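So the protein sequences, as listed, match chains A and B.
Using our numbering, you'd call the opening residue of the first sequence number 490 and step up by one each time.
Using our numbering, you'd call the opening residue of the second sequence number 490 and step up by one each time.
FYI, nobody ran anything at the bench for these hints, they're computed from the structure.
One thing to keep in mind: the hints can contain errors.
It does not matter which identical chain is meant; a pair holds if it fits inside one copy or across any two.
Stated by the list, open to error - Think about it this way: if two alpha-carbon atoms lie no more than 25 Å apart in a straight line, the pair counts; the simulated BS3-like pairs of lysine-lysine are: (1) Lys-496 - Lys-600; (2) Lys-572 - Lys-522; (3) Lys-510 - Lys-570; (4) Lys-533 - Lys-590; (5) Lys-635 - Lys-678.
Computed from a predicted model, the values in this text were never measured in an experiment.
Number of protein chains: 2
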Amino acid sequence: MRELQEKIRQEGIVLPNNVLKVDSFINHQMDPKLMKKIGEEFAKRFENEGITKILTIESSGIAPAIMTALEFDVPVVFARKRKPLTASDHLYCSSVYSYTKQETNEITVSKDYLLQSDTVLIIDDFLANGQAALGLIDLARQAGAKVAGVGIVIEKSFQEGADLITAKGFRLESLARIESLENGEVSFKTEECVSI
Amino acid sequence: MRELQEKIRQEGIVLPNNVLKVDSFINHQMDPKLMKKIGEEFAKRFENEGITKILTIESSGIAPAIMTALEFDVPVVFARKRKPLTASDHLYCSSVYSYTKQETNEITVSKDYLLQSDTVLIIDDFLANGQAALGLIDLARQAGAKVAGVGIVIEKSFQEGADLITAKGFRLESLARIESLENGEVSFKTEECVSI
Numbered sequence: 490m491r492e493l494q495e496k497i498r499q500e501g502i503v504l505p506n507n508v509l510k511v512d513s514f515i516n517h518q519m520d521p522k523l524m525k526k527i528g529e530e531f532a533k534r535f536e537n538e539g540i541t542k543i544l545t546i547e548s549s550g551i552a553p554a555i556m557t558a559l560e561f562d563v564p565v566v567f568a569r570k571r572k573p574l575t576a577s578d579h580l581y582c583s584s585v586y587s588y589t590k591q592e593t594n595e596i597t598v599s600k601d602y603l604l605q606s607d608t609v610l611i612i613d614d615f616l617a618n619g620q621a622a623l624g625l626i627d628l629a630r631q632a633g634a635k636v637a638g639v640g641i642v643i644e645k646s647f648q649e650g651a652d653l654i655t656a657k658g659f660r661l662e663s664l665a666r667i668e669s670l671e672n673g674e675v676s677f678k679t680e681e682c683v684s685i
Numbered sequence: 490m491r492e493l494q495e496k497i498r499q500e501g502i503v504l505p506n507n508v509l510k511v512d513s514f515i516n517h518q519m520d521p522k523l524m525k526k527i528g529e530e531f532a533k534r535f536e537n538e539g540i541t542k543i544l545t546i547e548s549s550g551i552a553p554a555i556m557t558a559l560e561f562d563v564p565v566v567f568a569r570k571r572k573p574l575t576a577s578d579h580l581y582c583s584s585v586y587s588y589t590k591q592e593t594n595e596i597t598v599s600k601d602y603l604l605q606s607d608t609v610l611i612i613d614d615f616l617a618n619g620q621a622a623l624g625l626i627d628l629a630r631q632a633g634a635k636v637a638g639v640g641i642v643i644e645k646s647f648q649e650g651a652d653l654i655t656a657k658g659f660r661l662e663s664l665a666r667i668e669s670l671e672n673g674e675v676s677f678k679t680e681e682c683v684s685i
């Protein structure tokens, strides 16, 4: 997605340890028009999949997810990163390890909002090691729902997440695919450039 | 806002201790079309205020905030409920006590995204004791920004938050104002009913 790539080039900041800081427009401050276009792009890519629900994870997945849900006119559910105060067995739970934060979060979704009849599109802002996306897939599978695919705003293709997801047979659509952040520079995967 | 009131009547569940559960359409599963209308309504109510930025707090403030930001065509920033991993003095911080969770969160916003030149509209999903909204006002004031007002999706008018905010001279616009949850029933404030 050309506009996203341009924004990453203009405003993205490469930090040590392969960190790409995009918090001026994606995950702290957010550009609502860009988010709307991101939603439109996901809707286009998954338009014939019979999507009935968007599934994401708090917090920075929410903005691209709700814009995607708006296009499909289906509800969006966000998984929570900690269990609610009121103990409940009415939850699907999965464990997600964050390499960045070096901690394991229990992510949960109410059983009311993921149904066996659902065809779920999973949306998140970043894909690196793939743990969050795999956790969301796990939640959908616990519900017996069909997973139509995974839509990612920015994929760090040099980390293992993309391979893990596609190796399991899931369709993955990433709007910007980063091949390398070496020498402080953002390099996008070639096919992305060709498709512009 | 009529559609919101109807949805609360249809899907809201009154739990003990004055808890109103609206997680089927506001803060776990979300209805994107309703969120879009909520954004349009906030934009209408604050249209002549010269808003340059929407400020909210993760996680459930993000959806109404980005829809409001889309209408105004301005960026939205969400305050984080915990400090980032990388220590930084480049943050505005405020302490927010949650009566529901009985804990104090340090909320933060990067100094890059709240500016003295900003006219800020604060958006959140719920207003009860007002601590989150007051924390967001505090962040904006630390930046030297002007606060144009506070927009709330659901106000529990029988708790002190609304009075605290208006007593400080801030304009408060709540799209649904709940007078009471007694006997398991949702009663809206009269002026809301009249304006339908």
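Item to complete: Please flag the earlier hints that this structure goes against, numbers listed from lowest up.
Response: Those not satisfied are hints 2, 4, 5.
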